[in-house]
Amino acid sequence: MIVINKLMDELTDISIEFNKGTTTKAELLIQLDLVIGKIEGVQLNMNEAPLDRLPERVQQSFHQLLFSAKFKATEGIKGLAKDSQDKRSYNAQLRKLLGNRLYFRSLYKTMKLNSASYINRNQLTYYTPNTNIFILGGNDND
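Going by numbering that gives the first Met the number 0, 67 is the number at position 68 of the sequence shown; the sequence numbering is gapless.
Please keep in mind that the hints were generated in silico from the structure rather than gathered at the bench.
Just so you know, these numbers come straight off a predicted model, no measurement behind them.
Backbone N, C-alpha and C fix where the C-beta goes; we use that ideal spot for every residue, glycine too.
Fair warning: there could be bad hints in the mix.
[Claimed, not checked] Only pairs whose alpha carbons sit at most 25 Å apart, straight line, appear in this in silico BS3-like list of lysine-lysine: (1) 5 to 19; (2) 111 to 71; (3) 111 to 19.
[Stated by the list, open to error] Quick list of simulated restraints, FRET-style, between CB atoms: (4) 108 to 24: 31 to 39 Å; (5) 57 to 37: 20 to 28 Å; (6) 45 to 88: 36 to 44 Å; (7) 86 to 123: 28 to 36 Å.
Build the full structure now, drawing on both the sequences and the hints.
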């Protein structure tokens, strides 16, 4: 979740500047578009244990869940851009996004629990609970 936490920090910094009044609406929209681009670049790190031990069909399911989380996060940030005229609704929607960790928290928990149960069920020996699941990569969909 390090990548997601960095994106959340960046979004918080952008919002602080907007609430102070040091950022115009046009600058806010540009900065939010940059954050959306970074969210679209988030990928799953399937090269490290325990995710590398999962079968391809399970990995594909995780990729679909990642796509869903990215979509929800980008739509939430686009909603922030629409509500930027009223700071109260903007801040309420921002709190909702940050509270859900940009909608990546449920995917993170699902992947951790499913990986651990698959490894336990199949009696695989190597499991590292502190693996970085998300990485920031390009916009390719592999």
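Structure-based check of all given hints:
no., hint, in the structure
1, 5 to 19, "21 Å, holds"
2, 111 to 71, "20 Å, holds"
3, 111 to 19, "38 Å, violated"
4, 108 to 24: 31 to 39 Å, "36 Å, holds"
5, 57 to 37: 20 to 28 Å, "26 Å, holds"
6, 45 to 88: 36 to 44 Å, "38 Å, holds"
7, 86 to 123: 28 to 36 Å, "51 Å, violated"
Violated hints, listed in ascending order, are 3 and 7; each of the other numbered hints is respected by the structure.
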